[in-house]
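Engineer: Put chain B on the given structure of chain A with help from the hints.
These protein sequence lines map, in sequence, to chains A and B.
Under our numbering, the first sequence has 58 at position 58, and the numbering climbs by one with no breaks.
Under our numbering, the second sequence has 63 at position 63, and the numbering climbs by one with no breaks.
Treat the hints as calculated values from the structure; they're not laboratory data.
Incorrect hints may appear among the rest.
Straight-line Cα separation of at most 30 Å, DSS-like style, residue types lysine-lysine; simulated pairs [what the hints assert, rightly or not]:
(1) A:K114 x A:K42
(2) A:K68 x A:K114
(3) B:K13 x A:K1
(4) B:K13 x A:K42
(5) B:K57 x A:K42
(6) A:K68 x B:K57
(7) A:K1 x A:K42
(8) B:K13 x B:K57
For each label pair, taking beta carbons as the anchor points, the in silico distance ranges come out as [to be verified]:
(9) A:P115 x B:P61: 40 to 48 Å
(10) A:S46 x B:N71: 19 to 27 Å
(11) A:D39 x B:Q17: 26 to 34 Å
Here are a few chain A residues that face chain B, going by a calculated C-beta distance under 7 Å [claimed, not checked]:
(12) A29
(13) G43
(14) L44
(15) Q51
(16) R55
(17) F105
(18) Q107
(19) T110
(20) V113
Bear in mind the structure is a predicted one, so any value in this text is a computation, not a measurement.
Yeah, the Cβ is synthetic: ideal placement off N, Cα and C, and Gly gets one too.
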Amino acid sequence: KQEVTQIPAALSVPEGENLVLNCSFTDSAIYNLQWFRQDPGKGLTSLLLIQSSQREQTSGRLNASLDKSSGRSTLYIAASQPGDSATYLCAVGDHGSSNTGKLIFGQGTTLQVKP
Amino acid sequence: KAGVTQTPRYLIKTRGQQVTLSCSPISGHRSVSWYQQTPGQGLQFLFEYFSETQRNKGNFPGRFSGRQFSNSRSEMNVSTLELGDSALYLCASSSRTGGTYEQYFGPGTRLTVT
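Chain A on its own, in the form it takes in the complex (with noise of 0.2 Å):
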């Protein structure tokens, strides 16, 4: 069975800082995975997704690693600012599931960016 951990649970950080969030699945049989933003009460916003096939995905300025062999993401975010403050979360597309929409989401991880 899939399992998806996110470390730490909270980070804070100074804004200006550049910082990693990091996901790992005990299954590395995934066909892809995906970061999310979850600002509170609110939905969830797609920030990258990353197939099977690829090592890395970059949007302005967030980096996301896959690297399954060891069953790992990491979400780099560079030079945080206050608005960068959400729950970050980690979700994998199990490849027993790999012609539907299911995903596995970890617990997620809250980040506070000081100003």
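Structural biologist: Frame of chain A; chain B shown alone:
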């Protein structure tokens, strides 16, 4: 394109009642998935519908059910509500592009059971 919409946004129900939540996917998306989010369990997959057929189901009791219409709009129903059903219910739509599915989520329906 308009995003995923969910109605209603907030609901308060009493134990034992039933509730129906609605989700309209992004135009052209044929897959709709439902998730339950609670502080204790996080985000958990309920079920997925594709072309009016349920093609994947999570580990939830039979009180949770859903359906999809020919226009891809989906509804989920929870019967005999329990206090533990209080949660944010999120709907996501997706289409297969580049050999994979990317999920787009709606704003959610906040259900409170008293």
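Engineer: Each hint: holds or not?
Structural biologist: Do the hints match the structure? See the list:
Using a Cα cut-off of 30 Å, the hinted pair K114 (chain A) and K42 (chain A) holds, with the two alpha carbons roughly 21 Å apart. At roughly 33 Å between alpha-carbon atoms, K68 (chain A) and K114 (chain A) are farther apart than 30 Å, so this suggested pair is violated. Restraint check for K13 (chain B) and K1 (chain A): not satisfied, since their Cα atoms lie roughly 34 Å apart, outside the 30 Å limit. As the CA atoms of K13 (chain B) and K42 (chain A) are separated by approximately 20 Å, the hinted pair is consistent with the 30 Å bound.
In summary, the hint linking K57 (chain B) to K42 (chain A) is supported, as the alpha carbons are separated by about 24 Å, within the 30 Å threshold. The hinted pair formed by K68 (chain A) and K57 (chain B) meets the criterion: a straight-line CA distance of about 25 Å does not exceed 30 Å. A C-alpha spacing of about 28 Å is found between K1 (chain A) and K42 (chain A), which places the hinted pair at or below 30 Å, so the restraint holds. Pair hint K13 (chain B) plus K57 (chain B) holds up; C-alpha atoms about 25 Å apart against a cutoff of 30 Å.
For the hinted restraint 40 to 48 Å between P115 (chain A) and P61 (chain B), the CB-CB distance of approximately 46 Å keeps it satisfied. Here the CB-CB span from S46 (chain A) to N71 (chain B) is close to 23 Å, well matched to the stated 19 to 27 Å. Judged by the Cβ atoms, the range 26 to 34 Å given for D39 (chain A) and Q17 (chain B) holds: they are separated by roughly 30 Å. Violation of the interface hint for A29 (chain A) is found here, the shortest Cβ-Cβ separation to chain B being roughly 14 Å, above the 7 Å cut-off.
Interface hint status for G43 (chain A): upheld, as the beta-carbon distance to the closest one in chain B is roughly 4 Å, under 7 Å. Restraint check, L44 (chain A) versus chain B: the minimum CB separation of about 4 Å is within 7 Å; hint holds. Against a cut-off of 7 Å between C-beta atoms, the interface hint on Q51 (chain A) holds, since the closest Cβ of chain B lies about 5 Å away. A cut of 7 Å between beta carbons decides the hint on R55 (chain A): the least distance to chain B is about 15 Å, and the hint is violated.
Because the closest C-beta pair between F105 (chain A) and chain B is about 4 Å apart, less than 7 Å, the hint holds. Annotation: interface hint on Q107 (chain A) holds; nearest CB of chain B at approximately 5 Å, less than 7 Å. For T110 (chain A), the interface hint is violated, the least distance from its beta-carbon to any beta-carbon of chain B being 12 Å, above 7 Å. Nearest Cβ of chain B to the Cβ of V113 (chain A): about 22 Å, over the 7 Å cut. The hint is violated.
Of the numbered hints listed earlier, those contradicted by the structure are 2, 3, 12, 16, 19 and 20.
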